[in-house]
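J.: Here are the chains, one letter per residue:
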Amino acid sequence: MRTRSFRRSLALVAALALVLTACGGDETADTTAGPAEGGGDTEKITVFLIPSPNATAITALADDFTAETGIEVEISETPYGEAHQKQILAFQSGNGQYDVVQFDNTFLANYGANGFLEPLQDRIGSSDIYDINDFSPAIQDYGDYKDDTLGLILSTEPFLLWYRTDIYEELGLSVPETWDDYLANARAIQESGMADGQILGYSTPVNAWWWYQLVWSFGGDLYDDDLNPTVNTPEAKAATEFYVETLEASSDGAISIGGDDTTNQFISAETGQMIQYSGYHPLVVDPETSSFADVIATARVPKGSADVVHMAGWNIGIPADSTNKDAAWQFLEYVMGKPNAKRFLEEGAAAPGRISTTTDSGLLAETPYLELLNIPAEVRVERYPQLTVYPEFEKTVGDILANILSGQTSIDDGLAEMQEKLTDVLAAEPR
Amino acid sequence: MTFARRTAAPNGPPGRTLEHARRHVATWLTAPTWVILMALFAVPLAVGVYLSFRSENLSSLGGGEFIGFENYTREVLSRDFVAALRTTVLVMVIGMVVQLPLALVLAVFLRWNLRGTRFYRSVLLLPMLLTPVAVGLMWRFMLNTDLGIINWLLTETGFGAVRWLGDPASAIAAVVLVDSWQAVPFLMLLLLAGLAGLSGEPEAAAAVDGANGFQVFRYVTLPMLKPVLLVALMLRLIDGIKLFDTIFIVTGGGPGTATQTLSLLDYRVGFTFLATSRGAAIGVVLALMTLPVYFIWRRVIGVEAR
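Protein chains in written order, with the working numbering: chain A, 20 to 450; chain B, 34 to 339.
What the hints contain is simulated information worked out from the structure, not anything from laboratory work. Positions of the beta carbon are idealized from the N, C-alpha and C atoms, including for glycine. A hint or two may mislead.
Said to hold, decoys possible - What the simulated footprint calls covered on chain B by chain A, stretch by stretch (three residues with Cβ under 8 Å from a Cβ of chain A suffice, anywhere in the stretch; the number is not a length):
(1) 186 to 199
(2) 296 to 310
As the list claims (entries may be wrong) - Pulled a few chain A residues facing chain B out of the computed Cβ check, cut under 7 Å:
(3) I107
(4) E189
(5) S193
(6) T197
(7) I274
(8) S275
(9) A288
(10) D326
(11) A421
(12) G426
(13) S429
(14) D432
(15) T442
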């Protein structure tokens with residue numbers, strides 16, 4: 020009797036718990052971000068942004084867009100750390116929560132492989148406002164995945180050489196054109212005692228970004244057309260040896276320096292030169308944030324056996340489940356189109372590399388680095404590897420590089436391990 | 034009314050019926066707690082176990098399929114898992130070796146109630162009031178090799194700069210240091226409460242019998258404090274297994290994977306790689322690993338109760 024009563028109570032508790040759990044799930048979905056009201060006819064769009072200078076510029080233009088078109092814009096911001104997980108959950112729900120989404124180019128493959136985004140090539144092809152030809156041919160495909168264009172170019176941020184003009188002048192150094200010159204300059208600066216020779220990112224997993232650049236510059240690649248890793252090759256080995264050598268011409272703590280820290284080091288401590296993405300330019304030249312704002316100049320990233328530049332950046336697109344695609348495209352044309360390109364930069368955005376802005380004499384006088392975003396056609400532009408398994412790919416590379424840099428493993432052993440591990444990682448990539 | 038009628042029922046002894054009614058009422062009164070516990074703990078755990086046998090991936094629209102123990106063999110037998118387990122145990126053991134004696138010494142000092150004790154107690158408790166993320170960020174800046182205040186102090190006092198976060202051994206030391214900075218005040222408070230609850234008579238008797246201060250502490254105070262020490266040890270063991278936030282902020286698991294604990298590995302696989310099922314498998318193993326701690330905990334509580 021008592022047992023039956025206990026079982027009955029337990030069953031009731033379990034049932035209530037399940038109901039409570041189910042209710043909890045619904046509440047989470049509701050509070051994530053409200054879906055755009057109504058269906059395709061409503062004049063309201065929801066824009067998912069990730070806090071960044073470009074998001075600030077988009078927000079600044081949104082009010083004017085509403086005033087001009089009558090379309091309401093609801094901005095939803097989510098920090099980078101959770102942004103893509105939140106987007107994926109929203110896409111999977113298929114409720115049309117967002118009409119426009121900003122995303123890192125590293126997620127383009129993932130979104131493309133799953134059909135999360137609306138192909139935009141037809142709209143782009145017929146839009147004079149957007150004007151794709153205003154971008155140099157080398158970067159026109161920055162939002163492409165396979166045969167579709169899934170994102171507009173929100174920013175293109177190539178690696179640049181950043182150097183201290185005062186130190187270069189004092190030591191009689193010239194701007195390096197090759198990686199050998201770069202290392203020679205770094206050693207000269209280090210030996211002079213004036214400053215640390217140079218700085219790159221060395222901590223995991225961002226060390227992978229600088230290493231990719233070196234592997235490509237030294238004539239190697241990360242994987243072949245059949246997705247077999249190619250990281251245990253003479254080119255990759257030479258690149259890794261070079262990478263380790265640069266560490267010796269750096270500050271004592273360089274090995275634990277990550278992405279943002281690299282720039283912080285360059286603008287706050289005596290450091291002769293740095294390789295870093297162009298998007299950091301506002302921070303580097305602002306006297307309020309940079310101790311050396313008036314003695315820093317930029318140049319193209321040095322060459323190896325190949326003339327190649329690694330380019331990071333943001334994309335912005337329309338989710339496939341959006342119920343307001345036309346209004347969303349109208350918004351994208353407005354904020355990302357050629358007519359507002361100059362204002363977009365003036366609102367603080369990292370430049371998306373439009374020719375009309377990178378050749379604008381007024382803008383160039385203010386920000387000379389813009390010219391470097393005009394990538395010549397002969398220079399190969401390399402994005403982050405376009406893989407759905409990219410996060411695991413990057414972490415695998417980064418962890419092993421950190422072990423090599425700290426001397427826990429040799430370059431030969433490390434690259435062999437990387438080859439083996441990446442084989443497993445890439446096996447999960449859809450062919 | 035009903036209650037009164039049942040106690041007077043002729044079918045059995047009134048005391049037994051009363052006991053039955055009490056149990057019935059108790060079940061209903063505790064039901065809300067059970068509902069919440071099951072909703073927040075048991076159901077997610079069951080879903081986690083279910084996911085761990087499938088090939089679900091957050092980044093894929095296609096539904097996963099049942100793959101048996103594949104996630105377990107892939108993740109739990111991997112070099113990364115073994116390395117993370119080693120790091121977890123290492124950080125936990127070094128942490129306990131450092132934290133418990135230090136907390137005990139501080140608690141004993143505070144028990145003496147010397148001048149300024151109230152002030153020192155307040156100061157010593159401050160780290161406990163801060164959030165681990167804020168603490169982690171603060172220490173990360175202080176441990177910066179080139180710009181951090183700790184290396185500045187070391188250099189100014191004639192010691193060399195240490196690559197705190199760039200060398201595996203010093204990174205482990207840095208993690209233990211930061212974790213200890215936050216954990217010692219809590220342990221100290223716990224042990225101080227334990228010391229305050231001790232009867233002073235056995236200690237006084239030992240002193241009368243000629244035992245010196247150390248002998249009184251070693252042979253009288255410490256054995257009496259054993260149950261509290263065991264509780265403190267268990268709490269640190271549990272904290273050690275789930276240690277995440279401090280490491281995530283201070284070292285990010287680096288250099289390489291030198292400070293990557295099991296919790297951090299689980300986070301990386303589940304949330305960075307978006308490999309939901311693989312992350313669930315690590316989580317299930319992590320939960321299973323804490324089970325012995327639960328049984329030891331029950332035993333410790335039993336010792337304390339006696």
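J.: Which earlier hints turn out false for this structure, listed by number in ascending order?
T.: 4, 5, 6, 10, 12, 13, 14, 15
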